[in-house]
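Protein chains: 2
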Amino acid sequence: MERPTPLSGFPEWLPQQRIVEQQVIAKLQRTFELHGFASVQTRAVEPMAHLLAKGETSKEVYVLRRLQAEEGDNTDSGLGLHFDLTVPFARYVLENSGKLQFPFRRYQIQPCWRGERPQEGRYREFWQADIDIIDKDTLPGHYEVELPLVIADALRGLPIPAIRMHVNNRKVSQGFFRGLGIADPMEAIRIVDKIDKIGPAGVGKLLAEQLDATDAQVKACLSMAEISSPDESFVDAVRALGVTDELLDEGLAELAAVVSTAAAEAPGLVTADLRIARGLDYYTGTVYETTLDGFERLGSVCSGGRYDTLASDGKNTFPGVGLSIGVSRILGALFGNGLVSATRETPTAVLVALPEEERRRDCDRLARVLRTRDIATEVAPAAQKYGKQIRFAQRRGIPYVLFPEGESGGPEIRDIRSGEQTPVDMDSWTPPVADLRPEIRAGE
Amino acid sequence: MERPTPLSGFPEWLPQQRIVEQQVIAKLQRTFELHGFASVQTRAVEPMAHLLAKGETSKEVYVLRRLQAEEGDNTDSGLGLHFDLTVPFARYVLENSGKLQFPFRRYQIQPCWRGERPQEGRYREFWQADIDIIDKDTLPGHYEVELPLVIADALRGLPIPAIRMHVNNRKVSQGFFRGLGIADPMEAIRIVDKIDKIGPAGVGKLLAEQLDATDAQVKACLSMAEISSPDESFVDAVRALGVTDELLDEGLAELAAVVSTAAAEAPGLVTADLRIARGLDYYTGTVYETTLDGFERLGSVCSGGRYDTLASDGKNTFPGVGLSIGVSRILGALFGNGLVSATRETPTAVLVALPEEERRRDCDRLARVLRTRDIATEVAPAAQKYGKQIRFAQRRGIPYVLFPEGESGGPEIRDIRSGEQTPVDMDSWTPPVADLRPEIRAGE
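Those protein sequences? They're chains A and B, same order as listed. Position 71 (the first sequence) corresponds to 71 in UniProt numbering; numbering is contiguous. Position 125 (the second sequence) corresponds to 125 in UniProt numbering; numbering is contiguous.
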């Protein structure tokens, strides 16, 4: 075949970048588990009917077809790749509800696919790391406060810029528009959601054209969308606009609880931002978006919200709340700007040098001894001159070369950075912790 | 939506089974890294032209189409889901050859998709765990010996039945058929590969019908296919059939090296089995298949081989050798037969009991203290009676409940298995290692 070229929108990482990704994912995983979330993985495909019922991304779905499917064979017709992890998880909960304990805390780290036009931060295949809590019949509001704190905990300590979470509540927007007398509050939410793209004037025009909003109504909607505060003061700002509605009251109380708890437990993390809407139709309460300091242009790197009716089979309803970290979006930006890398491109800590090909089995045994002490070790590919074997280690950042027989007659270990070579006790030697595994660090 | 039902061929695990899968994959990963393999992940899709060039599974490929692709928009036409991890990896190596160090040792654990008829051990979506070593221009034969030993190391200690690896070499089959005067040796390999399905008589019939093989040739082919030995004695058995061919000699020497080294380093692991062929066209040297004791009916649970020309762009060639563990096939069989499970269905080791909803923030802080010592902790969902909170922990197998204020006035910890409850020092208490995380065990 010809030398292949990358596919736009389907990023792949080099081994050193993959080590960063692995360690980031391991940190997320470990934190989620420390908070009691169990891992779930769902199949990559869902029935199209299920995918198409769930909001605006449905138009970007990839549909599957078996290459050799015979005429009339519909076994796999109507399957598409999932575009997020929330819709499959809601289906998994419904399907297995008799075998799960509720409230059910799960995390899920998998790729998703959307046939969108690729651009910075937007891929056609991308990894998401989701946490959700789903309960039966009712879901206590305290989970809407808990999830942002878990996310902050998960990202803490990673070489990633600070995050800011922008939070709103669908009930606030919907109640406000309803109290204001707007004909179609859900459509108003979708229009206001475009404010970052088309600006306040554009939003005002759409509200007037599509929903017959009066000048006063447009003005109130735009004032509401401008409200933002890191504390509960947004409540007074909304009240000052003079709209009253029961759902609005409910939403304001819920949003105030999220913002005030977050302000106490993780100062600077959460801002009430009444312009936030989220495109997906299934949200019914708190909605979250997250920006990465210095990378606001990427859009949200961690989004989600509360969904009360997504997982329902008519008889039973499982309301949930979830947040989803855009792993590929974050890593793509960090790699693209040279902001994070790994100390080497291989797990190998020690290369066993090979004096001659006939000694390979002996060298394998030395390697095995080190592996029993959790030291990643490989034997040199060929019995080249030692200088060449040392350069092979250097090129890949392997910190140590073990010589089976040094000048001392026994095995010697060489630190390839200092060039220092010393006799080594095979039954006790171990490298410093910082050399044991590749580590991730800021910068290139 | 209606209550959903499982999709045949797309297995999903319950949380407790997923914990088993996670720990099995973690063991594979850790072992591969100890042997110096770096992780790579490739996108799920490949150009169809690339997938279709690579042998018999191509007919089972899933093709993608964007739901809303407009007439004449061919951006994603011609993409299909990969059916294995070898073909994508060969493409990755060609694409990135200037940025990789050779020989390149990589592992890759991802799902693959094939539109096959689902049956026991055969899924339409399944996880594979692959190791490969790819070099530039030439690849030393010692890697064909090394890989089976790495696999044995990776599966050791897991609650999985013993494996037996059946090894052959394409050069042996091809050289033997050629030396015998068979017109199309590659076609003869494909026919003999069917011996398990259609029996020796069926194979003989096909050889005669399709390749005009004489009775003597058929007899020699079937005698060759019956040869099997755990040591080098297979060489004499082949010689006794009286066929001479240069390629056959080369293959016998290579296969003898694999079998004799494995016999010395891992007795019982490898058998030379001259009936093994592998369906895929890209193998050129050693080929491997692996059976699981007691589950021979599943077919191979770890297959692979040497491929000399798969990764080639005309100018440069990157020969490789690889082995692929069928993770879903093995786990599906173990789960289906109740042979392995986890000690609980959640990572949570401690549930903090909640005396009243107003105390939630205090309880969160207690949980945080435990998490700093790596103890997975969650706070009770609601301030129910303590009996109910204890039962909530019991149902999910959480071993400990922490009460913020016991009779002693301070926090107390209760082991829910013994019912014993004792005052606890929040700054030092930690559960026994066996309770810290769910563990996997044989049986249900």
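None of these hints come from the bench; they were simulated from the model. A portion of the hints provided could be inaccurate.
For identical chains, the list gives no copy identity; a pair is met inside one copy or between any two copies.
[As the list claims (entries may be wrong)] In silico EDC-like links for lysine to aspartate or glutamate, alpha-carbon gap of 16 Å or less:
#1 K136 / D196
#2 K315 / E2
#3 K219 / E209
#4 K27 / D374
#5 K27 / D153
#6 K99 / E12
#7 K315 / E254
#8 K315 / D137
#9 K197 / E60
#10 K219 / D137
#11 K27 / E187
#12 K99 / E357
#13 K315 / E209
#14 K388 / E357
#15 K136 / E95
#16 K219 / D364
#17 K388 / D236
Verification of the hints:
1. K136 / D196: This pair counts as neither: shortest intra-copy Cα distance 36 Å, inter-copy 50 Å.
2. K315 / E2: between (56 Å within a copy, 9 Å between copies)
3. K219 / E209: For K219 and E209, only the intra-copy Cα distance (14 Å) is at most 16 Å; the inter-copy one is 85 Å.
4. K27 / D374: For K27 and D374, only the inter-copy Cα distance (12 Å) is at most 16 Å; the intra-copy one is 20 Å.
5. K27 / D153: within (10 Å within a copy, 26 Å between copies)
6. K99 / E12: between (37 Å within a copy, 13 Å between copies)
7. K315 / E254: neither (27 Å within a copy, 64 Å between copies)
8. K315 / D137: within (10 Å within a copy, 64 Å between copies)
9. K197 / E60: The answer is neither: 19 Å in one copy and 43 Å across copies each exceed 16 Å.
10. K219 / D137: Classified as neither; 38 Å inside a copy, 70 Å across copies.
11. K27 / E187: Neither, since 39 Å and 51 Å both go past 16 Å.
12. K99 / E357: Neither way: K99 and E357 sit 57 Å apart in one copy and 28 Å across, limit 16 Å.
13. K315 / E209: Answer is neither; intra-copy 40 Å and inter-copy 62 Å both fail.
14. K388 / E357: Classified as within; 15 Å inside a copy, 67 Å across copies.
15. K136 / E95: within (13 Å within a copy, 49 Å between copies)
16. K219 / D364: Answer is neither; intra-copy 76 Å and inter-copy 42 Å both fail.
17. K388 / D236: neither (72 Å within a copy, 40 Å between copies)
Consistency with the previously given hints fails for numbers 1, 7, 9, 10, 11, 12, 13, 16 and 17, ordered from lowest to highest.
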